[in-house]
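2 protein chains.
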Amino acid sequence: MGSQEQTTLATQNQLFYGTFIYPKTLTDLEYLHNTAVAVDQNGTIVAIEPDYDLSQAASTFFPRLGWAPDSVSIHSSLASHNQFFFPGFIDTHLHAPQYPNVGIFGKSTLLDWLETYTFPLEASLSDPAKARTVYNRVIRKTLSHGTTCAAYYATKDVTTTNLLADLCLRAGQRALVGRVCMDQLSPKYYRDASAADSVAATRESITYIQSIDPTGAIVRPVITPRFAPSCSAPLMAELGKLAAETGLPVQTHISENEGEIALVKEMFPAKKIGAKGDTYTHVYDTFGLLTDKTILAHGVHLSEEEVQIIKARGSKVSHCPCSNSALTSGAARVRWLLERGIEVGLGTDMSGGYSPSVLEMARQAALVSRHVAMGYRERAKLTVEEVLYLATKGGAELVGMKGKVGGFEVGMEWDAQLIGLGRDVVDEEYEGEEKEEEGNVDVFGWESWPNKVAKWLFNGDDRNTKKVWVKGRLVHERK
Amino acid sequence: MGSQEQTTLATQNQLFYGTFIYPKTLTDLEYLHNTAVAVDQNGTIVAIEPDYDLSQAASTFFPRLGWAPDSVSIHSSLASHNQFFFPGFIDTHLHAPQYPNVGIFGKSTLLDWLETYTFPLEASLSDPAKARTVYNRVIRKTLSHGTTCAAYYATKDVTTTNLLADLCLRAGQRALVGRVCMDQLSPKYYRDASAADSVAATRESITYIQSIDPTGAIVRPVITPRFAPSCSAPLMAELGKLAAETGLPVQTHISENEGEIALVKEMFPAKKIGAKGDTYTHVYDTFGLLTDKTILAHGVHLSEEEVQIIKARGSKVSHCPCSNSALTSGAARVRWLLERGIEVGLGTDMSGGYSPSVLEMARQAALVSRHVAMGYRERAKLTVEEVLYLATKGGAELVGMKGKVGGFEVGMEWDAQLIGLGRDVVDEEYEGEEKEEEGNVDVFGWESWPNKVAKWLFNGDDRNTKKVWVKGRLVHERK
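These protein sequence lines map, in sequence, to chains A and B. 109 is the number that the UniProt record's numbering gives to position 109 of the first sequence; each next residue is one higher, with no gaps. 48 is the number that the UniProt record's numbering gives to position 48 of the second sequence; each next residue is one higher, with no gaps.
So that you can see chain A by itself, here it is in the shape it has in the complex (with noise of 0.2 Å):
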């Protein structure tokens, strides 16, 4: 691919001003405004400076940074346009290769539309030029959406996983890319041959990846049993001794649909298994799948006992309310997880989810815990603020970067998007036109800063995601 020159590529030094927003905690955003913050050539933020005078930059603040003025690019965010810079999202659980898919999904729920819709499709990915259309598209559609960071499932083929991984590694677009392992319950046409063939498949895409990208800056591989029904006993069991053997993240779904669940129970029988007790989280327990690095999408029916093992192990969830609601699968309850000590992010699984964007995510976040909330459940409502922290800090947690990436700290790592929510509204009568290559948030010129960030999550789109940054490096930009 000849793409590792791109992605190591030392950016120059960067200067950041103006207006940054960003989780400082679950429940807090912070805001900063005047302030400068300084990203060196390996896309660290090195300095924050409040209430910061840029006129003042090349004589005092570049010195002491080191850094020779005309060597720094300088990048503003445009108050007239109200302009903020947010940390970049993080999308915890997507298919890459069913991104043909998003908003075809009829009236199915999980299982029957495995076998209708995504099967079929996903078997088609084999061939490298439909493959290479549809991840280049949908690379270029996250990052429009100011994903900085995806956790894909590619499929069962090596070769187009790694090309996968190839194509985010050029669009310097941070991922996890795994090779997904399937040796039962799936069609015969798309299926591993036997658990020796599935691991055999994925040490190999790991190798790929792990060439390609050596420090894992921006790529690494992900150790990726579909999920239960469809990986046999002896497959989970080699796929949790990798796991260990290697330190790698794992990545599969739990507890998504009831039906499901029902199927994993009579599959995976306790005795059968010699596991500790008789529920889903046990079968991956069982198998050694449950570490610190492991992302379990959906979560959605997991009970109380459930939910203390994964807490024990430091396994966290993906919430994906998109899928969970077109699927019908239910309506997991977020705050009851987050109140268990449980580290949760959001993930769009497209397609079982149609938006290919985080912030819809953070959105449809905040009205499934509405959903849940209804009647009874006060306090399971979440706010502006807590679906955003989803969106990045919390999505950092499950992606390994805690720390790393999801706000503005110094030493954190500038992976940031700059969102423009227009000119305030004047009226003008018949102004409209260019107005709506704004985007569709509309802010009048009296609203609050938390109140900009509330039009923003329920209407903004990528529209107002004018620039994205990975690592330093600018990563996407509209025209």
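Certain hints may be false.
[Claimed, not checked] The calculated lysine-lysine pairs, modelled on PhoX-like cross-linking and capped at a C-alpha distance of 20 Å, are:
| no. | chain 1 | residue 1 | chain 2 | residue 2 |
| --- | --- | --- | --- | --- |
| 1 | B | Lys452 | B | Lys24 |
| 2 | B | Lys293 | B | Lys404 |
| 3 | B | Lys265 | B | Lys276 |
| 4 | A | Lys107 | B | Lys381 |
| 5 | B | Lys241 | B | Lys293 |
| 6 | A | Lys479 | B | Lys479 |
| 7 | B | Lys293 | B | Lys402 |
| 8 | A | Lys311 | A | Lys276 |
| 9 | A | Lys311 | A | Lys452 |
| 10 | B | Lys107 | A | Lys452 |
| 11 | A | Lys107 | B | Lys452 |
| 12 | B | Lys24 | B | Lys293 |
[What the hints assert, rightly or not] Facing chain A, from chain B, some residues (calculated, C-beta under 7 Å):
| no. | residue |
| --- | --- |
| 13 | Leu29 |
| 14 | Arg137 |
| 15 | Ser325 |
| 16 | Arg370 |
| 17 | Lys381 |
| 18 | Phe444 |
| 19 | Ala454 |
| 20 | Lys455 |
| 21 | Phe458 |
Hint data in this document are derived by calculation from the structure and do not stem from the laboratory. As the structure is a prediction and not an experimental result, all values here were calculated from the model. Built from N, CA and C at the ideal position, the CB exists for glycine as well.
Assemble chain B onto chain A, guided by the hints.
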């Protein structure tokens, strides 16, 4: 305003050619390709020719219609850009003055939301300059999302209510415009002085609106008691008489939130008002407010008994899924209403709902129906076809335009959108930028038309609404 000339201006004869999609019934969309739809100078569809050869138009079709060929303006949908004509959307419930608050609702529910966010903003819109800015914006915005007809609540202020009607008429958006009646239980700064004052102000606004559009082709007045808690019994009784006297439509809210329902029960006991029963529905029925032209917003918690009364009166329900989820009001059982013969449309209910888009409402109606279905009510789920019916033909029933708009049939009026999903995705690795201007829907080229429509429903936005016509007049165009 000098606006009458514009709206009564005869347009040219027009021929629309290409792909047309519209709801034939609740469950089925009609797909017409290579079809010609002839629309006369009054905006009425006078002929539909499927499998049409456009090159023959001048020699055979136009003479049959009595049209001089050079008097006809021709508009084609571009197959290369996945374009099709679709009926305009009907927003059956929204509050124009609340538009600046979209997305701003915190963790509130109905009654505290009214006090905290809504009444102060509405009261401030008695300032004509501010009202002009806000109302122009909401009209432009909803038109850009394909809303060809809207049932607006204004405020209690007559002057600016009339201004809203003026602006709708000039922009060419069909509208019901209601001066809001409220003589109790709202803040002193925003309340009618008495029932008599409220009715007099309502009459004044009705007279004005009927004077600017005497045939009511574009704008019509609507009698608008805000909701039972903010209207005294004498006020509701007078408004019921006014509805009977004038034959005008009525719009109000019903059974949105459990606190509100309890409040109504407490405020209007059956004995006190002489009602035949003790429900929210009985209150309106007692005062003659349930007519076959009444639009009831929400209806989330209606009982079987209430629905039977509503059905008997021929009143209709505006389903507002976005608002119901955002304000934690509940999940309305739309399938249950439809099965009881209630006519249902969709409402954005801005700013209880945060989105100006009826397409987004159709999407959220699908999601909310899945929350109703979760676990045990499988058949509650609404299909793509059903929610698009609610957004168009269903809405037409609510606003008194059944058989006139909402579909493409001879004799109906041309209220339509040109939808474009953009060119098929091709493998150009960095072709992303201009593609993104085409919107958020990616068509790969192998999708069936029903799947393209599903993709539009779930990821479409105003970028896909290329042109909008009302009664044959072009009222919005994306540059």
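Hints versus structure:
| no. | hint | in the structure |
| --- | --- | --- |
| 1 | B/Lys452 <-> B/Lys24 | holds, 18 Å |
| 2 | B/Lys293 <-> B/Lys404 | holds, 15 Å |
| 3 | B/Lys265 <-> B/Lys276 | holds, 13 Å |
| 4 | A/Lys107 <-> B/Lys381 | holds, 7 Å |
| 5 | B/Lys241 <-> B/Lys293 | holds, 14 Å |
| 6 | A/Lys479 <-> B/Lys479 | holds, 16 Å |
| 7 | B/Lys293 <-> B/Lys402 | holds, 11 Å |
| 8 | A/Lys311 <-> A/Lys276 | holds, 16 Å |
| 9 | A/Lys311 <-> A/Lys452 | violated, 36 Å |
| 10 | B/Lys107 <-> A/Lys452 | holds, 16 Å |
| 11 | A/Lys107 <-> B/Lys452 | holds, 16 Å |
| 12 | B/Lys24 <-> B/Lys293 | violated, 23 Å |
| 13 | Leu29 | violated, 14 Å |
| 14 | Arg137 | holds, 5 Å |
| 15 | Ser325 | holds, 4 Å |
| 16 | Arg370 | holds, 4 Å |
| 17 | Lys381 | holds, 5 Å |
| 18 | Phe444 | holds, 5 Å |
| 19 | Ala454 | holds, 5 Å |
| 20 | Lys455 | holds, 4 Å |
| 21 | Phe458 | holds, 3 Å |
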